[in-house]
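Residue numbers (this note's numbering), protein chains in the order written: chain C, 1 to 273; chain R, 1001 to 1660.
Any given hint could turn out to be false.
[Unchecked claim] Restraint ranges, calculated between C-beta atoms of paired labels, are given here: (1) C:18 to R:1629: 47 to 57 Å; (2) C:188 to R:1629: 49 to 59 Å; (3) R:1654 to C:71: 27 to 37 Å; (4) C:105 to R:1481: 15 to 25 Å; (5) R:1389 to C:71: 44 to 54 Å; (6) R:1250 to C:105: 35 to 45 Å; (7) R:1629 to C:247: 52 to 62 Å; (8) C:57 to R:1621: 19 to 29 Å; (9) R:1629 to C:150: 48 to 58 Å; (10) R:1374 to C:105: 31 to 41 Å.
Treat the hints as calculated values from the structure; they're not laboratory data. For every residue, glycine included, the Cβ atom is placed at its ideal position computed from N, Cα and C.
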Amino acid sequence: MKTGIIFDVKEFSLNDGDGIRTTVFFKGCPLRCIWCHNPEGFSSARELFLTQNGCTHCGLCQKSCSHPDCQGLGRCIHICPQGLVKAVGREVDATQLASEIRQAEDLLLFGGGVTLSGGEVMLQPEFAIELIEALKPLHVLIETCGYAPTETFSRVASHCDTVYFDLKLADRDLHRTYTGVYNDLILQNLAWLQNSGIDFRIRTPLIPGITDTDENLAAIATLAKCATVELLPYNPLAGAKYAGLGKNFTTQIQADHSRIRDTASLPDHFILK
Amino acid sequence: MNQAYYNFVVNQKAHRAYRHDFADAEKLASDYSAHGLGDAERVVDRFEKLCADETPVILEGQQIVFLRTVKKAPNIYTDEEWKEIQTKRKLHELGFVSNLTPDYASTIAQGFDKKLETANEYQKREISAILDLCDRYCAEAHRVGREDVAEILQNVPRKGAKTLREALQFFRILHFSLWLEGTYHNTVGRFDLMMNSYYEADLAAGRLTRESAQELIEDFFLSFNLDNDLYHGLQQGDDGQSLVLGGRTLNSDSCFSELSELCLIASRNLMVIDPKLNLRVDKNTPARIYELGTELTEAGLGFPQYSNDDVAIPALLKLGYAYEDAVNYGVAACWEFIVPAVSRDIVNMASLNFSKNVNAAIIASLPTAKTFEELMDSVKDVIRAEVNRLLEDCFYERWFVPSPMMDLLSREEKYNNYGIHGTAIASGTDSLAAVRQYVYDEKRISPERLLRALGTNYRDDPELLHLLRVEAPKMGNDIDWVDAISVELLDTFSDALAGRTNALGGCFRAGTGSALNYIRQAVETGATADGRLMGEPFGTNFSVNLFSKIKGPVSVIRSFTKQHFDKAINGGPLTLEFSSTVFRNEDSKKKVAELVRYFIQRGGHQLQLNAVNFETLRDAQIHPENHGHLVVRIWGWSAYFVELDRCYQDHVMARQQYQV
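Whole structure, please, built from the sequences with the hints as guidance.
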């Protein structure tokens, strides 16, 4: 009976692997990529989320309340008539979550499955393993930033069917600048994965001026050793959810489509999603 | 299609310049009245006059001709006479025949010369009037050097059609005639089945190629958009010009052909609201057909609407339709199942409002019902009583203004069944689910508190409003015990109708559609226990509440395929709105197609999908002048967004939208 903390379960997620999939978003991540579009995945703790659009400023949520699950959030989450004031982060039991997802097994079994994403799955290894086992025979794919002790990484990865491995920056220092950590562990885990026999795919988000440089993509091509690298276009709405968490999205990125088109000149095993 | 023709009618709408008013329109009815003319006599006389008043116009590049040039048909009754008719007779809607599918196929095959052999005097006069107009079109064709048009009109409609173009031209003349006569919501029926033999013969003889046929179909489809702004509808676009593709033959062979595919492509190329495409599918329909359908869904027209043969055919058999008729079903103006040529069903006699009736039962019985089961018993009693109340009126046959043309185009009057819509099942279900969980199971909310909140529109209890609206269990999330309530509600409704007959001996058909009642009946429904405020709109047809927190389209499909459609088959689709970004690549489109297939394989009966872009809709409300061509699906038909009343625009924007 392992519990974990997640921030969303998304049905019919279209960009997280083959076929029709349900994606579970783990809460908590060791990286802080400046372009991240899922800031509710940063912290491993439950936190307040205020949807701004539709708020009539009635002030109801600011009145003090005695609900145990509102304590520490600074607002009452059980009062907004529009449901705009809520907590993100839900403690779930792995077996329970798996059985909820498996209700749609008659759809997910055929060519699709379940994707574990985040946040970072590897931060909750025991929960992840129990969830994967409970989801079987569904196909389970993990999307990971690759940052975890190799022992943990390899143990979790061995349970799943496919790994989507994010490789953002090949340069050690740049990696630290833009994600907050060095990529030593990530490269070490990539090397392990490449020799593991586990089905995997390398994915690189195309962040204009940061990851989509010729140098970086060439270096990633080398690291990939001819394996397919999937290039993910930059999400221009990346900053959308920061305000809801009371955070600022300060990153200035100009989505430059001409650069993305330039990738046509890259090696064959790069595919643009 | 011919681009110049398309621009002329779709972008410039310049064909409307050929229209004129009927002279002395006011005088006609008073003349009829003064001479004491009978009903049929008036219909036929007006038809003759309208035909005579029509100006033959052949547009540049147009293949299928006949353009309505008389703007508005004059009334055939004076106001006083009509008031008297309304008090003396039971009418349906406008009083004219509507919402039927005529027997186009055999008429097109036989020709009017053959039809004249069995026609009565009125029908002969109408045929003669329309043939006269055809002759004037023929003369006009010669005058403007359109020998191709003249040649076609020398064969049809007098003789049966021999080629696809003749058949389409014949169809256009019949369709035009029905509208001119006053019959409305004239549906098309099983188009590919009707036209496929002509198409194949043309291909074999080398008269057509796939490409030239594509162009011809597109030209024909445009004909549905020439006059549709003149037709009756509650909103612009609600004109009933629905067309059915696919399905099966009597021998269970698939009817989906290359011609069906051309139709799906034509609609996508044209991007206009008519005809409204419906696709009949079943569990054996190959993925490719769903993918073709999804290509069209992506275009954003709200087509095709899917119907499930595996569900509809057995259910129609159960209602007493003969096998050959059940297999041959099509849809009426929106989604009501109807059999071409033989149905005289009235598919939209009334609407049972689940939300309002559940609410009435909760208000009346919550203080005394000891258990949830006891409360459910009262709910069922209220629904049965409401059915009885509706049937008091729906029992009686309706009087229609005679339609010699529709009679001519009907094989026989085999069915006189009446359909009753079922509106707002999700609101009714959610209300009961909330009561069960919070009042009975958890005892968290007292009956008094809930009733007070309902009585005051939640004014003084925002915490309860939040709980019921935001946190309570909702239909659409694949929660079995919640969905089971919807099954009980729908069963109660259909069981109450089972075995009941109308004055003509026809049966009553329970449905899952709302038509416009998701707004009209919502206005008269007070605050409900699902956290819905007084007057707030319901979901359209058979769909989730607008404000429900929903897990996603998979759960919605699961929740809305558990009901017993074998006894509730008047029609009314689940509606899913997808953000247009969902269709951004081939892979995603395949997944949408797969989801539709899942719905069918789980035994859903009908499904319509919208591809919408919220920002575009928002901009269209602010700058309608920039979005004249933006199309959305409303309740069973598609319309130009900017031509809709605001409440219908807002409703589309408020629906659950599934994103990437």
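Structure-based check of all given hints:
1. C:18 to R:1629: 47 to 57 Å: violated (36 Å)
2. C:188 to R:1629: 49 to 59 Å: holds (56 Å)
3. R:1654 to C:71: 27 to 37 Å: holds (34 Å)
4. C:105 to R:1481: 15 to 25 Å: holds (20 Å)
5. R:1389 to C:71: 44 to 54 Å: Distance hint for residue 1389 of chain R, residue 71 of chain C holds at roughly 51 Å.
6. R:1250 to C:105: 35 to 45 Å: At 37 Å between Cβs, range holds.
7. R:1629 to C:247: 52 to 62 Å: violated (40 Å)
8. C:57 to R:1621: 19 to 29 Å: The hinted range 19 to 29 Å holds for residue 57 of chain C and residue 1621 of chain R, with Cβ atoms some 23 Å apart.
9. R:1629 to C:150: 48 to 58 Å: Distance hint for residue 1629 of chain R, residue 150 of chain C holds at roughly 57 Å.
10. R:1374 to C:105: 31 to 41 Å: holds (36 Å)
Violated hints, in rising order: 1, 7; the structure is consistent with all others.
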